[in-house]
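Peer 1: Put together the whole structure using the sequences plus the hints.
Take a look at the letters that make up each chain.
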Amino acid sequence: MKQKLTNRFGWINENNIVENDGRLTVTVAPDKLTEVAAFLKECGYDFLVDMVGMDYGDSLGVIDYVARGADTSDLIALKTSVPDREHPLIPTVSGVWRVAQIYEREVHDYFGIRFIGNNDMRRLFLRESWKGYPLRKDYDADPNINPLPLENEPIADMDTIPVYGIDADGKETVTYRPMYGDDDYVVNIGPQHPATHGVLHLRVALDGEIVRSVDPHFGYIHRGIEKMCEGYTYPQILHLTDRLDYLSGIMNRHAFCLCCEKALQMDVPERAVVIRTIFDELTRIASHLIGWGSICNDMGAITAFMYGLRDREKIMDIFEETAGGRLMAAYDVIGGVASDLHPNFRRRVKEFIPYMRKMLHEHHLLFSANPIATGRMKGVGHLSLEQAIALGITGPSGRASGWKNDLRKAEPYAAYGKVDFDEVLRQDGMTFDRYIIRLDEIEQSLRIIEQLIDNIPEGPYAEKVKGVIKLPEGDFFQRVENARGQFGVHITSRGDKTPYRVKFRSPSMVLVEALKDVAPGGKVADLIMLGGSFDYVIPCIDR
Amino acid sequence: MWSFEKLTEWIDTSLRSCMSADGALLVEFVLIGIAILVGYALLALFLIYAERKICAFFQCRLGPNRVGKWGIFQSVADMIKILLKELIQINKSDKMLFRLASFFVIIGSVCTFGAIPFAKGLQAIDFNVGVFYILAISSLGVVGILLAGWSSNSKYSMIGAMRSGAQLISYEISAGLSLMVIVVYSGTMQLSEIVAQQADGWFIFKGHVPAFIAFVTYLIAGHAETNRGPFDMAEAESELTAGYHTEYSGIQFGFFYLAEYLNLFIIAAVASTMFLGGWQPLHIPGWDGFNHVMDYIPSFLWFFVKTCFCMFMAMWVRWSFPRLRIDQLLGLEWKILMPICLINLILMSVVVIL
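Protein sequence lines correspond, in order, to chains F and U. Following this note's numbering, the numbering of the first sequence begins with 1 at its first residue and continues without gaps. Following this note's numbering, the numbering of the second sequence begins with 1001 at its first residue and continues without gaps.
What the hints contain is simulated information worked out from the structure, not anything from laboratory work. Any given hint could be a false lead.
[Claimed, not checked] Within a straight-line C-alpha distance of at most 25 Å, the following computed PhoX-like cross-link-like pairs (lysine-lysine) qualify:
| hint | chain 1 | residue 1 | chain 2 | residue 2 |
| --- | --- | --- | --- | --- |
| 1 | F | LYS378 | U | LYS1335 |
| 2 | F | LYS314 | U | LYS1053 |
| 3 | F | LYS466 | F | LYS262 |
| 4 | F | LYS516 | F | LYS378 |
| 5 | U | LYS1155 | U | LYS1095 |
| 6 | U | LYS1155 | F | LYS516 |
| 7 | F | LYS350 | F | LYS314 |
| 8 | F | LYS32 | F | LYS4 |
| 9 | F | LYS466 | F | LYS516 |
[To be verified] Just the calculated beta-carbon pair ranges, DEER-fashion:
| hint | chain 1 | residue 1 | chain 2 | residue 2 | range |
| --- | --- | --- | --- | --- | --- |
| 10 | U | MET1313 | F | ASP183 | 42 to 50 Å |
| 11 | F | ASN146 | U | PHE1046 | 38 to 46 Å |
| 12 | U | TRP1316 | F | GLU463 | 50 to 58 Å |
| 13 | F | ARG310 | U | VAL1352 | 49 to 57 Å |
| 14 | U | LEU1025 | F | TYR185 | 48 to 56 Å |
| 15 | U | PRO1339 | F | LYS404 | 45 to 53 Å |
| 16 | F | VAL468 | U | LYS1085 | 53 to 61 Å |
C-beta: ideal position from N, C-alpha, C; glycine also.
Peer 2: What follows is the structure, given as structure tokens:
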């Protein structure tokens, strides 16, 4: 690929292309960005994994992580930056990768970078009237600048969409367009609504029962975790990762630990690796049970949801015994795990596996075979393979469209290289496929646990680490497969005990973005069910 | 078999002995009104408790278990809470219609409740067009639901009400046609007469195949008319938060809530009256000894056991099935249920003629 790039673009030389850890990093000027992006896509790099906004001090920039849809482990980092802090203008890549549209909104929100040509440059998490860009290093957090509003805020400012352009003199221009016409019947679904699985706000334009357009509005549970990370030490940050996607907290934590361990070039004891894998899979089962239950709940089958919670409770009990926590297990630490396994652990997991198999069968009987359920889910909410890749929809939702994107197979981390399991794929991309794939993945997770539970090696459960961890200088990026897709951690370190910039790739954010493309044309009830089948978790989006 | 007529006649004669005929009638009206309202409220409390326990049983939970032994006073506590709650005024709502809506719903439900024969000689209203009356007065609820959705000034309520209007009007056709099958068979619309005709065998056994089909279609259509899952389009709590009664609070919400549970009871009661013999005991022609033993069981017990059976079926369905989509719901009615009901009616007519 390095060869291809240097052949195609004469200006690319040793200065702006480096290979590190088997990953290419290409640095380009903003005006060259679009053509390089288009060329990368031509070469098969059609999956924009993540976009990281950066404040380098003297300049602002973005890092685009792109991967090949056919092999998601093959990653390239595309860097660009502009020195102008007053009018930072970068051309958009949303024409190349569809999902860049929302990533660019996020970078715009945090860093104030204007993406020329992006057709929606509203702020994403903060309100329109927010002054300043919080992730810039010179941001003033004085509460007098952004006082806590005690009055109701008009929602109208969300309906005007600014688009940035550039005029003949190279000056920045802004044009505004309204979001809705006069005859749009706009219904607010959320932020307090039983079907949004958290505080998500969907503005839905309706034509009778039929959905015309969906506009997700984030930020109701925005805690500024990425900003908080910049003031925390690495072991402290670990506790924030549990609070992103709370249903796969252990896996998120695993990702952050892996990223730090990679940066420190540290080896983790074999026992800890296996324990982490088992915990990951147990979390996946618990999360899929909730996912299964909530799609049933969204269709009005509350009993199924209760069954999901009942089975998940068994896993929570297992966690509680060993880790002390249930939802926030706080178990993985840099260098291993926090404590050794409880003596009961092995027995209880072994009891759980046949129990879960039996219950899976029951779930299929109760719900998967129900004519009302299949009638509602089959043939509804089609997400094609191309759409899935363009939107970066990984995890079970992407695999339901036939996209092989399981990192446990593509880029085996932890003990996944040693175990035998199938990557469950379905081809149709309908709501029913996204539903059934979760139950099938539970079965595969059980297989993984079954192989590992009797083969936990003896030895220490954690490597000794120093009290103060300092990562070497550089950019580090690590992904794991969490219950909703690829969860990524980007750390930029300048050698201090706190990171310079941390960015989490949320698999849920693109799932909500997909509603925009998939929901229109369906009924309101289908939209709700679609949300259930995508199974997004809002705290992971808002961070 | 002991008849409540003895009791009512005793009240009537003792009242007439101490006042004029008109005065006695007036006192009787008041007494019946109070009896029906008290019965209505008590039944609602029982139903809410039963539903919560049965639902808990289906969902592997315990259900209410704190207020009183096995939580039997839970719904009383809930009732007190709902009575004490503030009635919230909604901005820009149509205040009069908003208040009126809940009364439409509850009045429709109470009036239907009064026409049901609960036991031998225990029936408040016995028209000669009883079936017609039940169908007519129970559809008053639709007006209340539509008004509630329209006057709340809320989009959720509006969508819920529109769904509900379409659904109730459609399913009323099937429910009506299913009852017509029995009317054709028995030749009368008077409920007491229909019950009396089932003394030697319930219509579901006597009425050949068409009566059985009508029973099933009536249960489905009636279930849809009560706005309960899998037909709870109008509420669809995961889509429309609470549908047409989203904006209601306090006892106004309580009226909708009571009416929903009592409609469930009414549908079950009508089903057991029309198909399962009402308060008639199980009689098998020829088995005189058996029939005699059955007569010792009080008639109101027969009625309530049959009704509870029908209600349990409804709860079972509700807590097992997911919700239909609105187009599937209307498709089920207009494309499947109604044609079946029409053909069934013709079939019954043929049976009667032969």
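Peer 1: Tell me, which hint numbers fail for this structure?
Peer 2: Numbers 9, 11 - these are the hints that the structure violates, sorted from lowest upward.
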